[in-house]
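A.B. asks: Required output: the full structure, derived from the provided sequences and hints.
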Amino acid sequence: MAEDCILELRRVSKAFGAHQAVSNVSLAVPRGAFFSLLGPSGCGKTTTLRLVAGFENPDEGEIWLNGSRLAGPGESLPPYRRNVNTVFQSYALFPHLTVRGNIEFGLRRKRADRIEERLRAVLEQVQLSDKELRRTSQLSGGERQRVALARSLVLEPDVLLLDEPLSALDPQLRKQVRAELKDLQRRVGVTFLFVTHDQEEALSMSDFVAVLNHGAVEQVGPPEEVYRHPATRFVASFLGAMNWIDGVGLRPEALRLSRQAADGSRRAIVTGKTFLGPMVYVEATLESGETCSAQASNGATGFQAGETVHVSWDAADEVRL
Amino acid sequence: MKRGIAAYAVGAYAFLHAPLLILAAFSFNTSRFTVWQGFSFHWYAALTQDRELIESAANSLIIAIVSTALATAVGTLAGYALWKRSIGWISGSLYLSLATPEIVTGVSLLAFFQWMFRYLNLRLGMHTVILAHVGFSLAYVVVVIVARLRSFDPALEEAALDLGATEWEAFYRVTIPYLAPAIAAAAMLAFTVSIDDYVITSLVAGVDSQTLPMTIYSLARRGVNPMLNAVSTIIVVLLGLMVLLSERLRRT
Amino acid sequence: MKRLRSVFLAPTSVILAATLVAPLAIVCVYSFLSRGAYGGVREPLSLENYTRLWDPLYGLIFWRSFWIAGISTAICLVLGFPLAMFIASSGRRKTLYLSLVILPFWTSFLIRIYAWMFLLRDTGLINTALQAMGVIREPLPMLYNDGAVILGLVYGFLPFMVLPLYATLERLDASLIEASADLGARPFETFFRVTLPLCAPGIRAGAILVFVPSLGTYLTSDLLGGSKTILIGNLVQNQFTAARDWPFGAAASLALMIIATALLFAARRSGEELL
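Residue numbers (this note's numbering), protein chains in the order written: chain W, 6 to 326; chain D, 176 to 427; chain F, 17 to 291.
Think of the hints as simulated: they come from the structure by calculation, not from any bench.
Ideal placement from N, C-alpha and C gives every residue a C-beta, glycine not left out.
Be aware that one or more of the hints could be misleading.
In the SDA-like style, the derived pairs of lysine to any residue whose C-alpha atoms are separated by at most 25 Å in a straight line are [unchecked claim]:
id : chain 1 : residue 1 : chain 2 : residue 2
1  : W       : Lys-278   : W       : Asp-319
2  : F       : Lys-110   : D       : Leu-420
3  : D       : Lys-259   : D       : Tyr-347
4  : W       : Lys-187   : W       : Ser-95
5  : W       : Lys-278   : W       : Ser-242
6  : D       : Lys-259   : F       : Lys-18
7  : F       : Lys-18    : W       : Phe-60
8  : W       : Lys-278   : W       : Gly-307
9  : F       : Lys-18    : D       : Tyr-270
10 : W       : Lys-115   : D       : Tyr-353
One side of the interface only, derived from the structure: several residues of chain W facing chain D at Cβ under 10 Å [to be verified]:
id : residue
11 : Arg-55
12 : Phe-60
13 : Pro-83
14 : Asn-90
15 : Phe-93
16 : Gln-94
17 : Ala-97
18 : Lys-115
19 : Leu-166
C.D. replies: In structure tokens form, the structure reads like this:
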């Protein structure tokens, strides 16, 4: 195992009939990291997660956890023999059990000791101590998510797998829960493998982001690196808007608009603008015919359609592929 | 237009329910003729004296309980297995058993049993009736169970596996609790269908396994009989309550 | 997982083999054999039983069964449609009204037929009441004829017509009705040119769900029709009991079964449109 990686996927592939869901994926997840799998729907991120969990078996490749092999050609451990646990997108809380019943389910299956003690501790951790005897149908969305987390964390897995756990929450709740989740991970120290299609989520929460497309990994790295130095056009456009001027990539926030020409600036005609509150997006067409979108502070609302402006940027902000 | 339809509906519901209500009403008639002569329970009392009725009722009850228990258990497992992955000939056969006219099921079972009895030293009796009943109740149970499973989130079973349960434990501790109301509803349905069966039972019952419907049939052929009204009322009320309960359970 | 599934399906497979597959196979085989000397069956194999079904005597029975089943179905359609319309437009009480239709069916079929015997026979309630009121002097023969059988079938299978009709009506897009009115059609025209055609899948499903059990009925024609009304079901039962001609009975059963299953497959396709 490379460095201190707790989870490793080596050239894993999985197809469903004619559809290749995961194609030759290799990943090395460092111990204790918040590691995200990011990509559009159908990119294979959920399938990858399910391969690690044991709900699917790889056609090719191997999966290693903490020095032992989970899956490989021929043999594959069933989910109940892997030391990983999943937080499902719908949470999959057992409706016929109380909060307590749900959380202690795994402990009872393994006939663990000190069940009471561990139950108390995890309830504290997710702040649900007073809701122990409630039925899951009586909980709010955020509370249900915490039960799902507690249920998995109490088993002390090597890696916690999370399948788009925030998508079922209201948008306002999401930002708050994001922070709580990140904080929880840091406190508990468990490695998180987090699947999402929301790049804001991935960038704000992760230590590492793996961007997937059509079943393959396009780039892996810390959020800042993946954003500022995308390795492919797909990664560049997926992680935020990207302008392409003369084959060079430029983020909207890197472009500056001015009524005065400057060294190296280009002329453009304003074609429209979109007011978003804290900022304004100004669309303009360059002499070459290419269009671009520049992010300006809302002080720059003065630009009108049809006006001539000058677009400039720093060379350091250029993305060359 | 709306009032016309509502008035019509009253008539339609009267048509559907009046016959049974009238039957029940006349079970309390003191006279044995269809002229009302006063209120009395004595036909109900007379039921307790009729040995044939009581014996056949007991037979019917035994047959219904045993066949229901078997059909429900077997059908629940089958419904679950088919929900996971459908097997052509089994699903097809279950549909076929619902589609086949009762008389055809009855004579084919009779033919099969008689053929089998050339090699086994057996005769028609309670056991053949019970087997027949399990056979035709099975499809009803499977339909109810599969319908309930349609709203079951497979992630619940995966979660159980994820948390350390084996496939059997997941089925037993997560799926079965979810299915509980449907299992009860299916059992009641199977019971109702078994208690009422005449056509198939009459063909495969032996000499000493007369059931209640068979007794009712022979009484009905002989003429109007207030005791028949009485036993009919009891049966209709009991089965009606059972069906209502079954529907309630299915909807939880 | 696969092991669990096979274990779960094993008892069902055995039961289906023993109560459905094997019996039907035997009936199939018997239908090509001949009647034995003391009942039972013997060789040779032949199509004689099937050709015998074409005999006018039996042809009449089949024709009568189709006729009676057809009339019952038509009556169910006429009676059931307004009832389905009522339920579909009854708002919150839909489930209640629906249960009231279905509930009688699930009590006892036999007893429900007896109820009509109680009402229709010469000494039954209707005749007694009419005589008491002086409307008639002699009892009307309302029982033991085709009419009584049709009445019994309509009474028994009306819910099977109402349910699919209700399902289609419920799903009907009200804006289509409004559009029709908007384009100038009067209520009568809208009903026949828009509502009814749109209900076609429900009508088809309901018709088959009433026709098939009516075609294969035994009890209704036996108790309400007396010995005058012999339908396919009665023919089959007779061959296997009194007449002791099992091979012929087998052939008649298969004929009935093939017609029934073919029609029901058509209903399933219609039913899928409803889903």
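A.B. asks: If a hint holds in the structure, say so; if it doesn't, say that too.
C.D. replies: Here is how each hint holds up against the structure:
no.	hint	result
1	Lys-278(W) with Asp-319(W)	23 Å, holds
2	Lys-110(F) with Leu-420(D)	18 Å, holds
3	Lys-259(D) with Tyr-347(D)	15 Å, holds
4	Lys-187(W) with Ser-95(W)	20 Å, holds
5	Lys-278(W) with Ser-242(W)	20 Å, holds
6	Lys-259(D) with Lys-18(F)	10 Å, holds
7	Lys-18(F) with Phe-60(W)	14 Å, holds
8	Lys-278(W) with Gly-307(W)	10 Å, holds
9	Lys-18(F) with Tyr-270(D)	24 Å, holds
10	Lys-115(W) with Tyr-353(D)	22 Å, holds
11	Arg-55	9 Å, holds
12	Phe-60	6 Å, holds
13	Pro-83	7 Å, holds
14	Asn-90	6 Å, holds
15	Phe-93	5 Å, holds
16	Gln-94	8 Å, holds
17	Ala-97	4 Å, holds
18	Lys-115	5 Å, holds
19	Leu-166	8 Å, holds
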